[in-house]
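Mind docking these for me? Both chains are given alone in their own frames, and the hints should help you get the complex.
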Amino acid sequence: MINPLLYFLLFVKASLFSTGGLSNLPSLHQDLIGAGWAVDAQFGQSIAIGQISPGPNGLWVISLGYLTYGYFGAILALFAIAIPPFLVLGVAAVFARIARKRWVDGLMRGLSLAVVGVMASVCWTILRQPGVVWSGWLIAVGALLLAASRRVNLIVILGLAGAVGYLIYR
Amino acid sequence: MNYSQDAQPSPLVSPPPTTLSLLRIWTLIGLQSFGGGASTQLLIQREFVRRRAWIGADELLQLWNLCLFTPGINLIALTILIGRRLGGARGIVVSVAGLMLPSAAVTCLLAAGFEVVQHSIVIHAVLRGVVPATAGITAVVGANFAAPVAQRARADGPRIMGICAVIILAVTLALTVLRLSAAAVIVGAALLGVAIFTPWKGGGPLPPDAEPLSDKSSHP
Numbered sequence: 006m007i008n009p010l011l012y013f014l015l016f017v018k019a020s021l022f023s024t025g026g027l028s029n030l031p032s033l034h035q036d037l038i039g040a041g042w043a044v045d046a047q048f049g050q051s052i053a054i055g056q057i058s059p060g061p062n063g064l065w066v067i068s069l070g071y072l073t074y075g076y077f078g079a080i081l082a083l084f085a086i087a088i089p090p091f092l093v094l095g096v097a098a099v100f101a102r103i104a105r106k107r108w109v110d111g112l113m114r115g116l117s118l119a120v121v122g123v124m125a126s127v128c129w130t131i132l133r134q135p136g137v138v139w140s141g142w143l144i145a146v147g148a149l150l151l152a153a154s155r156r157v158n159l160i161v162i163l164g165l166a167g168a169v170g171y172l173i174y175r
Numbered sequence: 003m004n005y006s007q008d009a010q011p012s013p014l015v016s017p018p019p020t021t022l023s024l025l026r027i028w029t030l031i032g033l034q035s036f037g038g039g040a041s042t043q044l045l046i047q048r049e050f051v052r053r054r055a056w057i058g059a060d061e062l063l064q065l066w067n068l069c070l071f072t073p074g075i076n077l078i079a080l081t082i083l084i085g086r087r088l089g090g091a092r093g094i095v096v097s098v099a100g101l102m103l104p105s106a107a108v109t110c111l112l113a114a115g116f117e118v119v120q121h122s123i124v125i126h127a128v129l130r131g132v133v134p135a136t137a138g139i140t141a142v143v144g145a146n147f148a149a150p151v152a153q154r155a156r157a158d159g160p161r162i163m164g165i166c167a168v169i170i171l172a173v174t175l176a177l178t179v180l181r182l183s184a185a186a187v188i189v190g191a192a193l194l195g196v197a198i199f200t201p202w203k204g205g206g207p208l209p210p211d212a213e214p215l216s217d218k219s220s221h222p
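Chains as they are written, first to last, in this note's numbering: chain U, 6 to 175; chain D, 3 to 222.
Excised from the complex, chain D in its bound form (with noise of 0.2 Å):
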């Protein structure tokens, strides 16, 4: 056994996987990520979140949440802490290694191959039905990223929610309509969350048994 944990911040909904399993179920979703990272990202809340319990859905927008700090592919970042939080170091090398393995080596054929690609009618056709389908697939995503929130600005009752609303409209609108750049949003609607949500009066850290999410490591 090598998935345990030294500190365990919120208890696995389900038996942790071994290390081969979690060798298998990256090396699945490197494989059947076509089409983008919202493709892993589905497969990654299908196979984590609703098949195996292993990760919470709040738990894992948490994660998601810590690699947009982080340089790089995010989704390589998330895979290195859901990796962590389900095997530990080794569950890290082999995350990393199942994601990405099998694809870098159908890049490299493909990319072999590539005379024969570049002018396909046919993947040029085929490729003109998978785009717009990611975008269906990242509504999905999105949703079930939305789940944690929704259920807990609905039990904060209806001005909460319609200022959640109006934070996740203002953030769309902010990055389509007037084009200003990712982070700066992102950013400013973390400070926003800070601003709004920060129960102020009181003082004080947060008391030992209102649980935010921790770090599994940190505690050696």
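Next up, chain U with everything else stripped away, as it sits in the complex (with noise of 0.2 Å):
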């Protein structure tokens, strides 16, 4: 029924014009829901397991793989979006070439602002979800507290926000 082929280009695809997160579900909810290969709930669940799994949050794709075409799918989804990155051996060989021009120094300058500005608003973004209130602020200080520390281990800090987590709000 499914093309092993195809439905693994379809995952390069999404991966390829995204940029991480969630940024590829849109095209794979076209493709895979027109092809017949999936069905609506599966994303959900794979978002929902998305997030209690491990790594990068685009790994939810992975779950997507699982749920619709088995381990199969999911080996194929792994290598859909393992191989995208590599074309950064193409953007830092671009960079080799031009890091001895006069501007490149204030452009890498202006990029690494950027980043500090972006992880500022994740922190922010993260913080105004719908499901956070004042004891999720004092979770993160916490958090932020911990990890600045240095020296506790952050299994040990996710752990003891989800115990926070448990006898809050279960």
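No wet-lab data here; the hints were simulated from the structure.
Any given hint might turn out to be false.
[What the hints assert, rightly or not] To spell it out: a stretch of chain U is covered by chain D in this simulated footprint if at least three of its residues, at any positions, have a beta carbon under 8 Å from a beta carbon of chain D; those stretches are:
| # | stretch |
| --- | --- |
| 1 | 10-16 |
| 2 | 35-46 |
| 3 | 68-80 |
| 4 | 86-96 |
| 5 | 116-130 |
| 6 | 134-142 |
[To be verified] Calculated lysine to any residue pairs in the SDA-like style (CA-CA distance at most 20 Å, straight line):
| # | chain 1 | residue 1 | chain 2 | residue 2 |
| --- | --- | --- | --- | --- |
| 7 | U | Lys18 | D | Pro73 |
| 8 | U | Lys18 | U | Phe84 |
| 9 | U | Lys106 | D | Val189 |
| 10 | U | Lys18 | U | Asp36 |
| 11 | U | Lys18 | D | Ala167 |
| 12 | U | Lys106 | D | Ala99 |
| 13 | U | Lys106 | D | Phe71 |
| 14 | U | Lys18 | D | Leu175 |
| 15 | U | Lys18 | D | Phe71 |
| 16 | U | Lys18 | U | Trp42 |
| 17 | U | Lys106 | U | Val96 |
| 18 | U | Lys18 | D | Val196 |
| 19 | U | Lys106 | D | Ala197 |
| 20 | U | Lys106 | D | Pro73 |
| 21 | U | Lys106 | D | Thr200 |
| 22 | U | Lys18 | U | Gly95 |
| 23 | U | Lys18 | U | Phe77 |
| 24 | U | Lys106 | D | Ala185 |
| 25 | U | Lys106 | D | Ile198 |
| 26 | U | Lys106 | D | Phe199 |
| 27 | U | Lys106 | U | Val138 |
Source: prediction; values computed, not measured.
Note that CB positions come from ideal geometry on N, CA and C, so glycine has one too.
The structure is reproduced here in structure tokens:
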């Protein structure tokens, strides 16, 4: 039923024209539903699983692969999201070529400032989510202090946050 | 020894890892990165910059800047660049595999057991605690990235410091309040950087001793 090659290429295409996270969702949704290889509910499930599982958020696609096409689908999805980032080697090569140009240092400086601003905006966006109330802000501050202390293992920080969530929100 | 690089743009701060230890570190990062990309980023900063001093804070930021121009998951692109920096082609393979295979396996297990997980009140409550924690972790990741930026701005004096602060604030507001597209905002900041920081007077390329980040594999 599912054409494995086409299935794989649809995942590659979605990943190629995305920037991580859920940005490949619209493309996959349109293509897989259109081909009759997925149903709506599988997307919701995949995103939920992606939230719980470790790794970058973009790995939600692996659960979509699993739910729609079993372990084979998960493997295809894994390769499909791993391939496009290799283009970074081309970006690095281009950069190496222009690195000596006078304006490149300013470009990288501007980018670095943007990165810091992006991080701040991500922080803000997370804290403005509907489910985050004042207790969530306290958890955020607590996690910040523990992570900044550099002594506490990340798993311990996340475990504590999860335990506090369990006690408050269950 | 498989980690030797053909060219050495900036010498490694401490002896580089073996392929096996690189694989081990990335596997641990992959398994511990619950809560999404911020966790992965923090673990990368902690392991490679702070604990082992294999990569400088400023260099990591430069590598991340390159990843912004790459399609797909930026963190995988960063993994590729760090892997190559520390172990060449073999370093790339073990780094990407180490980051992704354990997480992919856990994801499959969770997907297989989804019926159990789906309606679990416990998991929902735990997640509601973890999500705001990732905001705090993101703040620390951002502060770590800001450190080399701030250091350089401080050396340039109060005027440049002020300009840098304004650009950071403008990017934040453009993304949160104005909700502009991230790509447009990032390109805008880069162009602003060119306009503000480029020493236009004097002309000609940079002298060889002013060494920005350079690409390792471009010298075969």
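Right, here's what the structure says about each hint:
no., hint, result
1, 10-16, "violated (count 0)"
2, 35-46, "violated (count 0)"
3, 68-80, "holds (count 5)"
4, 86-96, "holds (count 10)"
5, 116-130, "holds (count 15)"
6, 134-142, "holds (count 5)"
7, U:Lys18 to D:Pro73, "holds, 10 Å"
8, U:Lys18 to U:Phe84, "holds, 12 Å"
9, U:Lys106 to D:Val189, "holds, 18 Å"
10, U:Lys18 to U:Asp36, "holds, 10 Å"
11, U:Lys18 to D:Ala167, "violated, 38 Å"
12, U:Lys106 to D:Ala99, "violated, 35 Å"
13, U:Lys106 to D:Phe71, "holds, 19 Å"
14, U:Lys18 to D:Leu175, "violated, 32 Å"
15, U:Lys18 to D:Phe71, "holds, 17 Å"
16, U:Lys18 to U:Trp42, "holds, 16 Å"
17, U:Lys106 to U:Val96, "holds, 16 Å"
18, U:Lys18 to D:Val196, "violated, 33 Å"
19, U:Lys106 to D:Ala197, "holds, 14 Å"
20, U:Lys106 to D:Pro73, "violated, 25 Å"
21, U:Lys106 to D:Thr200, "holds, 10 Å"
22, U:Lys18 to U:Gly95, "holds, 18 Å"
23, U:Lys18 to U:Phe77, "holds, 18 Å"
24, U:Lys106 to D:Ala185, "violated, 23 Å"
25, U:Lys106 to D:Ile198, "holds, 15 Å"
26, U:Lys106 to D:Phe199, "holds, 13 Å"
27, U:Lys106 to U:Val138, "violated, 49 Å"
Violated hints, listed in ascending order, are 1, 2, 11, 12, 14, 18, 20, 24, 27; each of the other numbered hints is respected by the structure.
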